[in-house]
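Student: Okay, here's what each chain looks like letter by letter:
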Amino acid sequence: MQKEYLTIAEVAGPIMVVEAVRDVGYAELVEIELPNGEIRRGQVLEVDRDKAVVQLFEGASGLNLYKSRVRFLGRVMELGVSSDMLGRVFSGAGRPRDGGPEIIPEKRVSVLGEPINPYSRDYPSEFIQTGISVIDGLNTLVRGQKLPIFSGAGLPHHRIAAQIARQAKVLGKEEQFAIVFGAMGITFEEADFFVTDLRNTGALERAVLFINLADEPVVERILTPRVVLTTAEFLAFEKDMHVLVILIDMTNYAEALREVSAARKEVPGRRGYPGYLYTDLASIYERAGRIKGKKGSITQFPILTMPQDDKTHPIPDLTGYITEGQLFLSRELHRKGIYPPFDVLPCLSRLKDKGIGEGKTREDHAGVLNQLYSAYARGLDVREMAEILGEAALSKLDRIYLEFAEEFEQRFIQQGEYEDRPIEQTLDIGWELLALLPRSELKRVKEEHIEKYLPKKEAPAPPRWARLAR
Amino acid sequence: MKQGVIAKVSGPLVVAEGVPDAKMFDVVRVGHEKLIGEIIELEGDLASIQIYEETAGLKPGDPVESTGAPLSVELGPGLIAAIYDGIQRPLELIQTQWGPFIRRGAELPALDRQRRWHFKPAVKRGDLVSPGDIIGTVQETPLVEHRIMVPPGLAGTVEEIKEGEFTVTEPVCLVRTAEGLRELTLMQRWPVRKARPYREKLAPKEPLSTGQRVIDALFPIAKGGTACVPGPFGSGKTVIQHQLLKWADAEIVVFVGCGERGNEMTDVLIELPELEDPRTGEKLLKRSVLIANTSNMPVAAREASVYTGITIAEYFRDMGYSVALLADSTSRWAEAMREISGRLEEMPGEEGYPAYLGSRIADFYARAGRVICLGRPEREGALSVIGSVSPPGGDLSEPVTQNTLRVVKVFWSLEDKLANRRHFPAINWLTSYSLYAEALEPYYLERVGREWLDLRREAMRLLQVEAELEEIVRLVGVEALSPSDRLALETARSIREDFLMQSAFDEVDAYTSLEKQLRMLKLIIRFHELGREAIARGAPIEQILELPIREAIAQAKFIPEGQSERFAQLEREMEGQFEELSKERVAG
Ligand SMILES: Nc1ncnc2c1ncn2[C@@H]1O[C@H](COP(=O)(O)OP(=O)(O)OP(=O)(O)O)[C@@H](O)[C@H]1O
Ligand SMILES: [Mg+2]
Numbered sequence: 023m024q025k026e027y028l029t030i031a032e033v034a035g036p037i038m039v040v041e042a043v044r045d046v047g048y049a050e051l052v053e054i055e056l057p058n059g060e061i062r063r064g065q066v067l068e069v070d071r072d073k074a075v076v077q078l079f080e081g082a083s084g085l086n087l088y089k090s091r092v093r094f095l096g097r098v099m100e101l102g103v104s105s106d107m108l109g110r111v112f113s114g115a116g117r118p119r120d121g122g123p124e125i126i127p128e129k130r131v132s133v134l135g136e137p138i139n140p141y142s143r144d145y146p147s148e149f150i151q152t153g154i155s156v157i158d159g160l161n162t163l164v165r166g167q168k169l170p171i172f173s174g175a176g177l178p179h180h181r182i183a184a185q186i187a188r189q190a191k192v193l194g195k196e197e198q199f200a201i202v203f204g205a206m207g208i209t210f211e212e213a214d215f216f217v218t219d220l221r222n223t224g225a226l227e228r229a230v231l232f233i234n235l236a237d238e239p240v241v242e243r244i245l246t247p248r249v250v251l252t253t254a255e256f257l258a259f260e261k262d263m264h265v266l267v268i269l270i271d272m273t274n275y276a277e278a279l280r281e282v283s284a285a286r287k288e289v290p291g292r293r294g295y296p297g298y299l300y301t302d303l304a305s306i307y308e309r310a311g312r313i314k315g316k317k318g319s320i321t322q323f324p325i326l327t328m329p330q331d332d333k334t335h336p337i338p339d340l341t342g343y344i345t346e347g348q349l350f351l352s353r354e355l356h357r358k359g360i361y362p363p364f365d366v367l368p369c370l371s372r373l374k375d376k377g378i379g380e381g382k383t384r385e386d387h388a389g390v391l392n393q394l395y396s397a398y399a400r401g402l403d404v405r406e407m408a409e410i411l412g413e414a415a416l417s418k419l420d421r422i423y424l425e426f427a428e429e430f431e432q433r434f435i436q437q438g439e440y441e442d443r444p445i446e447q448t449l450d451i452g453w454e455l456l457a458l459l460p461r462s463e464l465k466r467v468k469e470e471h472i473e474k475y476l477p478k479k480e481a482p483a484p485p486r487w488a489r490l491a492r
Numbered sequence: 002m003k004q005g006v007i008a009k010v011s012g013p014l015v016v017a018e019g020v021p022d023a024k025m026f027d028v029v030r031v032g033h034e035k036l037i038g039e040i041i042e043l044e045g046d047l048a049s050i051q052i053y054e055e056t057a058g059l060k061p062g063d064p065v066e067s068t069g070a071p072l073s074v075e076l077g078p079g080l081i082a083a084i085y086d087g088i089q090r091p092l093e094l095i096q097t098q099w100g101p102f103i104r105r106g107a108e109l110p111a112l113d114r115q116r117r118w119h120f121k122p123a124v125k126r127g128d129l130v131s132p133g134d135i136i137g138t139v140q141e142t143p144l145v146e147h148r149i150m151v152p153p154g155l156a157g158t159v160e161e162i163k164e165g166e167f168t169v170t171e172p173v174c175l176v177r178t179a180e181g182l183r184e185l186t187l188m189q190r191w192p193v194r195k196a197r198p199y200r201e202k203l204a205p206k207e208p209l210s211t212g213q214r215v216i217d218a219l220f221p222i223a224k225g226g227t228a229c230v231p232g233p234f235g236s237g238k239t240v241i242q243h244q245l246l247k248w249a250d251a252e253i254v255v256f257v258g259c260g261e262r263g264n265e266m267t268d269v270l271i272e273l274p275e276l277e278d279p280r281t282g283e284k285l286l287k288r289s290v291l292i293a294n295t296s297n298m299p300v301a302a303r304e305a306s307v308y309t310g311i312t313i314a315e316y317f318r319d320m321g322y323s324v325a326l327l328a329d330s331t332s333r334w335a336e337a338m339r340e341i342s343g344r345l346e347e348m349p350g351e352e353g354y355p356a357y358l359g360s361r362i363a364d365f366y367a368r369a370g371r372v373i374c375l376g377r378p379e380r381e382g383a384l385s386v387i388g389s390v391s392p393p394g395g396d397l398s399e400p401v402t403q404n405t406l407r408v409v410k411v412f413w414s415l416e417d418k419l420a421n422r423r424h425f426p427a428i429n430w431l432t433s434y435s436l437y438a439e440a441l442e443p444y445y446l447e448r449v450g451r452e453w454l455d456l457r458r459e460a461m462r463l464l465q466v467e468a469e470l471e472e473i474v475r476l477v478g479v480e481a482l483s484p485s486d487r488l489a490l491e492t493a494r495s496i497r498e499d500f501l502m503q504s505a506f507d508e509v510d511a512y513t514s515l516e517k518q519l520r521m522l523k524l525i526i527r528f529h530e531l532g533r534e535a536i537a538r539g540a541p542i543e544q545i546l547e548l549p550i551r552e553a554i555a556q557a558k559f560i561p562e563g564q565s566e567r568f569a570q571l572e573r574e575m576e577g578q579f580e581e582l583s584k585e586r587v588a589g
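Heads up: the protein sequence lines correspond to chains L and U, in order. Residue numbers for the first sequence, in the working numbering: 23 to 492. Residue numbers for the second sequence, in the working numbering: 2 to 589.
Hints should not be assumed to be uniformly reliable.
To be verified - Here are the simulated lysine to any residue pairs, SDA-like style, with alpha carbons at most 20 Å apart: (1) L/K465 to U/A555; (2) L/K287 to U/G350; (3) L/K333 to U/D417; (4) L/K73 to L/K89; (5) U/K9 to L/E32; (6) L/K129 to U/R104; (7) U/K418 to L/N392; (8) L/K465 to U/F506.
Everything labelled a hint here was simulated from the structure, so no lab data went into it.
Next comes chain U alone, as it looks inside the complex (with noise of 0.2 Å):
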C-alpha cells in the first residue's frame, strides 16, 4: 500500500507529505506505532495533522497513512457507565492493558466486542423502514432501555429481523436497500465533527430541573436549552456542573472532563455508583456517560473530546431522551484550538485565538435543541448543552466568554467575592440571566402554579431593593433606615442565605425538587408580609427579626424532600408568632 511520510514534527502537530487520498478531518495512522491523527489543514501535497497522543520520537520520514474515514464514534449498548477519553478510547481498558499510566499507540474498541445484549425486535420482515426507525431496544441498564436504530442515510424493506443476544457486531436485521442488502448491528458510527440529523428543531418550553435553587428559582434552563458558566478558578464551576451531573433531571447526561483535574474526574467514579437517582431510585451512573481528557492528556484529544461527547449525547436525544452535556471546561477546548492554530502558524485572531473561534462555539452549542427525531415512532427529544468557561483572571470581556454569551440563553455568573464569602453557589443574582424564563411561563402555570412565579418575582424584586439599600447604608450607616427597608434588607439576606446558598456536600441541601423550593421560598416571603404588616401597625422592627421563626426559616433547607407537612406547620406557626407579636402591643 502507498504511504505518505511525515515532514515535520512539532509538538502535536506532525506535516506529511505524498498521503494518498488525503481528505480534511480524516483520521490517519502516524509513524511505526500508528499514532492516530486528524488531517486538519490540506495544503498542496502537505497534509498538516494533529495527533492524539504524546508526539515524542516521530521523525521525519516516519511513515503516514489515511484510514480514509474521519474522526468517528462508536454508537451502541455500553456507552451507559463507561469512561472514555478524548478519542472514546475505553479508560477502563487501557488500565487493565497497561497499568495505571497512559501508554501511547492503544487501540482498543470502544464498545465492548464480548459482551451480549438482549434485543427485542420491533420491526418485523416486511416493514419499510428509513432513517432513525426504532428497529428494537436493548435493556441496558435499569434506567435505559437502549433503542436500536436505522441509521441516517439507510432506507429500505425488512428482510429479516432476529431477537436473542448479541455482541454490537453481529447483524441483528437484515434491509433490502436500493444499493441491495445491507447488515444492521446493535452499533453505528457516526463522524464527531458532524452534527447529527433530525427532523425538525422545536422552542423549549420544559425547564430542566437542576435540583439547585439559585438556578430552578432564578436562573432556569430550559431543556433543549444552553448555557454557560463562567467563573474564576474556584468559583465553583466544576461543583456545579457535578451538581447537575447528579440531580439534573435528565434522562441521559453525558460529562466531558475537558483539559481539568484527575481527582475530579475520580470523584465522580467514586460517587455516581453510590449515589441514587431522586426521581427513580436507580443508581445514578446507570444514566451517565464519562469522557475523562484531563490537562495532563494529550492536547488534541482534549479539541477533540468535546465533539466526542456532544455526538454521543446527540445519539441517545435521538432515541427520544432528554440528554444533557456537561463540558468542564470549554475554555481547555478553545486553548487546544489556539495551540493547534498557533502551530499551523494561522493568522492568529483576538488573545492568540483563531479567527475562527466564534464560529466554532457557536457551532456547538447549535447542536443543543427540542427537536423531533428522525424516524418512528415519532418521538421528541431534547438535547441541553451546558459549559464552563475559565476566564483568565477572571476577566469576562476575554474572547471564549464574549463568544460564548453570544450564544447561549442562560448565563450563571460565577463570582470569586461571593466564593470567597463561602456563599455558594457563588451565582451573582444581580448579573446573571435566563433568557428562558418567558418561554417556560406557561409550564410553571400550569404544573406548579402562579404562586411560583409571583415568589420568584418577589424574591428577584427584594434583591434588587437590597442592591440599591447597601448603598445608602454604606454612606449612612443601617441605623439610618427606615423599619421596612430594614425589613427588606433582612427578607433579601434570609434569601440569600437560606434559600441561594445551597451545599452541595450536604445529604439533604444538596438536591431540592421545585415543591420544596416554592416551599421555602414562600415562607421567607410570607414573613416579609407578616412583617410589613406588622411594621404598619407599629411593631418594633428589632422584635420582628428577633422572632423565633426566623431559626427555623433558616435550618428548612434541612428538612428532608416530602415533608410538606412540616412547611405547612412552620407556616401556622410564624403567623402565630405575628400574632403574638401584635396581641403584645395591644397589651402592652
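Isolated chain L (complex conformation) (with noise of 0.2 Å):
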C-alpha cells in the first residue's frame, strides 16, 4: 500500500513540490491523480529531509494544490518491453498511441539504463551501406556508431532520415534488424511522413515509433530517448536485433532540459542551457554501440537543427563532442536545389576507416574517398577565389577543378530519394569524376587501382573542360 499525499505546496512550471512526505527516494517514480481522475506522472529531481522536488513529465495544467494526489511509487521509471513493441506508435512516454492494446511486457526495466563497461564494448567495424553516396562513398557509417545530422530549419533533414531508413542494410547478411524512431517536439505532418512511409514501404512492421509531437508535454521529451534506447537495448542485446536508432530532434530535447533546469533557478551554463548538458546527452549517444559476446547492435542517428545554423551552438557543439562525427546539412546546396544537400567537407565518420577496404567495401575505397574529398576542396577554394579574382583569373588547373566542383555536386552528392546506390555504383561514380582531373592530380589514389577503375578516355567529343586543360 502506498502512502498517497494531499500536500503539494508549490507547482512552478514544470516542477513540484511536495511536503511531509516520508521515504521517498532520489530519481523515484511519482504518479499524481488529478481531482478529474486523470493520472500524471512525475521523477524525483532531489528530496531534502520531509520535501520532494518532482518534475511533471506531462506539465501541471489543471493540477490542484490542494486536490491532487501524490503517490510514489518506489521504483524509477519503467518500460515494460517486449518483441511485441514492434509495429507499434506510442507516446513520447511510452503509452500506447496507436489504439492498439497495452504491451504484455515481456520484462521491466528502468528507463535510466546502466553505462555499458568499456571492457564489455566491442569495436564497431561492419559496413552499413545507406545507398547513399555521400556517406557511404565519403563517412562510411558501420554498425553501433552514434552519427549525427546537424540540420537548419526548413532543411529535408527528415527527408534523409526516412531514406536511411528504408535502405540501411549490412550487405551479404540475413540478419534481424529493427528501426526504433523517436521524435520529440516535431510537426504532425512531419511525424505523419515518417510513419506513413514506413508503412508504404512495409518496414514499420520491423519499427517502434515514440511520438511526442511539438503541442505535446515539453517535458516529456526528456523521457523520449530514454525510452528509445531501452527498447533499442531490449531488441539489440536481448533479442539479438540490429537496431537502427532515429532521433529527431534533439534540439527540441535540449529545450526541454532547459526549461527544467530553469524552473529549478539552476545556475545556467552557455546560453541558458543547464551545466550537466554534455553529461546528460552523453547519457543518451553512449547508449549506441556493439558489446562482445551479444549479436546485436545499436546505431544511432541523431538529428538536431541547429539554431541560427550556428555549429557552436551548445546544442551541436556538445553533440559533436560525444558522437562519432557529424553530417552536415548545407543551406546553400538545398537552395541550389540539390538532395542530399550534404555540406561534404564539415562531414566526418570517425569510424569510416574501420568498415572500409577490401572485404568490407573495394580495394579502392580509402583513395577514392581521399581524392574525391581533396579534389572537392580544392574546387570550392577556386570558386571562392573566382568570385573575388574573376574566372578570367583562374589558371586552366584551377578550372578543372571549379567545373570538378560543380560535377560533383550534380552527380555525387545529389540523388534520388528513392535512388537505393549500391557501393560500387558510388565508387564508380567517384571514378568518373576523377576522369575529370588530369592523371598527375590523382596522388591519393594507388597506381593499380587507376589502371584497374579509372575510365578509360574516349577520343570522341572532348568535353569543354578538357579543352581547356590543354
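Take the two lone chains and join them into the complex the hints point to.
Tutor: What follows is the structure in C-alpha cells.
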C-alpha cells in the first residue's frame, strides 16, 4: 500500500514541491491523480528531508494544489518491453497512441539504463550501406556508431532520415534488424511523414515509434530518448537484433532540459542550458554500440536543427563532442536544388576507416575517398577565388577543379530520394569524376587502382574542361 | 556502531547529518547498498558528499558511515595493463562479475589478491631503511621491473626480509620502527588528492620524444614537462593522445579517459596488446595503465579519475621511471567539478565554474616534474603531464583553456580549419608554442647535432614567410611573386604536407624517430637551398618545381625506420637533378 499525499506546496512550471513526505527516494517515479481522475507522472529530482522536488512529465495544467493526490511508487521510471512493440506507435513516454492494446511486457526495465562497461564493448567495424553516396562513399557508417545529422530549420533532414531507414543494410547478410524511432517536439506532418513512409515500404512491422509532438508536453521529451533506447537495448542485446535508432529533434530535447533547469533556478551554463548538458546528452548517445558476445547492435542517427545554423551553439557543439563524427546539411546546396544537400567538407565519420577496404567495401575505397574529398575541397577554394578575382584570373588547372566541384555536386552528392546506390556504384561515380582531373593530380589513389577503375578516356568530343586543360 | 543519516539527495550530491568523525575528503559508505562517496564540504553537523555511483533510490534517513580514510589508490604489482574506472575499480573484474553493464555497489579490490609475484629482495636484515628505499623488486612485465619501496613516513631497521612468491597482501619485510614492528607488503596505499613526496624538483632537460613530427621538431615537450592540447570537437585531440600513449618514449604511460567515449577505450584495448614498442619490441600494453571513466559513467568518479591516474603515475615516477600521464579530456573533469559545485550551491565564478577552478588545474599540473626521488639508491624520475582541453565552440577564451594555459609550458593548438582540410595532426604551426625549446637545446646539440636546431629554425622561418606571402597572394595572385618567393611558398607547402602532416593510421607514418625526422627535414630544406642557388643561376622556377625529386620528398614519410642510406641516396639524386638543371641552362 502506497501512501498518498495531499501536500503539494508549490507548482512552478514543470516542477512541483511536495511536503511532509516520508521514505521517498531520489529519482523515484511519482504518480499524481488529478481531481478529475486523470493520472500524470513525474520523477523526483531532489529530496530534502521531508520535502520532494518533482519534475512533471506531462505539465502542470489542471493540477490543483489541494485536491491532487501524489503517490511515490518506490521505483524509478520503468518501461515494460516486449517484441510485440514492433509495428506499434507510442507516446513520447511509452503509452500506446495507435489505438492498439497495452503491451504485455516480457520484462520491466529502468529507462535510465546502465552504462556499458568500456571493457565489454566491441569495436564497431561492419559497414552499413545506406545507398546514399555521400555517406557510404565519404563518411562511411558502421554498425554500433552514433552519427548525428546537423541540420537547420527547413532543410530536408527528415527525408534523409527516412531514406536511411528505408535503405540501410549490411551487405551479404540476412539478419534481423529493427528501427526504433523517437520524435521529440516535431510537427504532426513530420511525424506523419515517417509513419506513412514506413507503412508504405512495409518497414513499419519492424519499427517501434515513440512520438511526442510539438503541441504535446515539453517535459515528456526528457523521457522520449530514454524509452527509445531502453527499447533498442532490449531488442539489440536480448533479441539479437541490429537496431537503427533515429532521434529527431535533439534540439527540442535540450530545450526541455533547459526549461526544467530554469524552473529549478539552477546556475545556467552557456546560453542558458544547464551545465550538465554534456553529461546528460552523453547518457543518451553513449547508449549506442556493440557488446562482446552479443549478436545485436545499436546504431544511432540523432538529428538536430542548429539554431541560426550555428555549429558553435551548445547543442550541436556538445553533440559533436560525444558522437563519432557528424553530417552537416548545407543551406546553399539546398537552395541550388541538390538533394541530399550534404555540406561535404565538415562531414566526418570517425569510424569509417574500420569499415572500408577490401572485403568490406572495395579495395580502392580509401584512396577514392581521399582523392574526391581533396579535389572537391580544392574546387571549392577555386570557386571562392573566382568569386573574388573573376574566372579570368584562374589557371587552367584551377578551372578543371572548378568544373570538378560542379560535377561532383551534380552527380555524386545529388541523387534521388528513392535511389539506393550500391557501394560499387558510388565508387564508380567517384572514378568517373576523377577522370575529369589530369592523371598527374591523382596522388591519393594507388597506381594499380587507377589502372583497374579509372574509366579509359575515349577519343570523341572532348568535353569543355578537357579542351581547357590542353 | 554509530551512524549518520542522509538528509538530502540531489543527483550525485548527498547531504548527511550526524556522521561520526566526519573529516574533509574522507570516504563514506552511503545507503543500504553502501555506495562509495567522499566528503567534500563540512558545515556544522552536515557533511556534503559526492557519490561515485548512480544515486537513484537513496532516501533521507538512509545510513551513512565514514571509513575514516581519504580516497586512496592501491599501488603495487598488478597495475600494469589493468583498466580501472575513476576510483580504481577493475573494469575487467566488474565484467566477469556483473556482465557488460556496470551495476552499482561494486566493491572489488584494485589489485588481484590471489596472484603471486616473485619478489627479489634488495636489502638485508639489519639494514636501515627510510621512505622511498627500494627493498626489492618484482618483474611485473618484460618491460616493467616493479620496485617495491618503503612507503612515505616509515623508517627503521630491517628485521626480516623474504624472497619468494607472494600476493600483494602478504608481508615480505619486517621493519623495526620507533613505533614498533611494521610489516611491509608488495602493496601500499596513497590518498589521490595528495601529491606523493620526492626529494627535489629539477628543471627538465631532455625531450620526451613522441614520434610525432610536428611535436618533436617544432613544439617539443620535455620529460617532466606539461602540455595541453585544446581544440574543438573532431580536431584530433584523442588521436594525438593515443599516439602519445603508443609512441612516447616514456617507460610507463598512464592514460585517463575522463568523460569521453567508450569506443575510444575499446580502441585502445584492442590496439595496445598488438602494437610493439619501437624501442624494445615488447607489446605496448606491457607498460600502460588505463583509467576509463567514460561520459556516461558517474560524474563524481569522473572528477576523481584524473587524481587516480596521476597518483599511479607518481608512484611509478618514484621508482625512478620516466612516466607520462595523458588526460583526455580535462574539460570533462572541470565540468564534473562545476556540476558538483553547482549542487553545493557554491558561489559560481566564470561560466558557472567554481572560483577554485584555476587553483585545482594549477595543482594538478604542478604534480608533473623531473625529480630526485625519495630513498636509496639515488634515482631520478620524471612525470610528464599532457591534458586535452575541449573548449565549447572551440573558443579558447573560456575558463578551462585559459587557466590551463597559465600553467602549462607547451601549447598544441588544434584547429578545425586544418582538420577540415584533413591536415592532421591539426596543430597550428603559427600559434602553438613550446617553452622548453631553449632548455632542450643542450640535449639536441649533444645528442643530435647543431644541424637539427638549424633545420628547425629554418623550417619555422619558412612557415612564417609563407603566412606573410599568402596575404600578398590573396590580393594579387601567385603570378605576381618573385621566383624566390614562389620557391619559399612551395618549400613551406612541402614542410606542411610532406613533414608536418602525419597519418596516425599508416603503419610506417604513425611513428617517426628523431633520426628520420632529421633526414626528412634535411631533404626539404636542402631542396630549398639548391633551388635558391638555381634561381640565382637563372633556372626557371617552373622547372625547379617539376624536378622528380619532389615526388620522392613527398613519399619520404613512408620510408621505413632505419634506412638512412635511402635518404643519403635521395640527397645525391637531388644534387644530381639540380646539376642537370644548370647543365641544361648552360647547354641551352
Ligand atoms: N593524425 C591523424 N591522422 C589521421 N586522421 C586523424 C589524425 N588526427 C585526427 N584524425 C581524424 O580526425 C578524427 C577526429 O579526431 P579525434 O577523435 O582525435 O578528435 P577530438 O579532438 O578528440 O574530438 P572530440 O573532442 O570530439 O573527442 C579522427 O577520427 C580521424 O578521422
Ligand atoms: Mg576526443
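Student: Decide if the proposed pair is consistent with the structure: L/K465 and U/F506, CA atoms, cutoff 20 Å inclusive.
Tutor: Roughly 18 Å separates the two Cα atoms, so the pair holds.
Student: Can the restraint linking L/K129 and U/R104 be considered satisfied, given a maximum Cα separation of 20 Å?
Tutor: holds, 18 Å
Student: Going straight from one Cα to the other, do L/K465 and U/A555 come out at no more than 20 Å?
Tutor: Judged against 20 Å, a Cα distance of about 10 Å means the pair holds.
Student: Does U/D417 lie within 20 Å of L/K333 when you go C-alpha to C-alpha?
Tutor: holds, 12 Å
Student: Straight-line Cα separation of L/K73 and L/K89 no greater than 20 Å?
Tutor: holds, 18 Å
Student: Has the given pair, U/K9 with L/E32, been kept, meaning a C-alpha gap of at most 20 Å?
Tutor: holds, 19 Å
Student: Taking 20 Å as the top limit, are the C-alpha atoms of U/K418 and L/N392 close enough?
Tutor: holds, 17 Å
Student: Within 20 Å, alpha carbon to alpha carbon, are L/K287 and U/G350?
Tutor: This hinted pair holds, its Cα atoms lying about 16 Å apart.
Violated hints are absent here; each numbered hint is respected by the structure.
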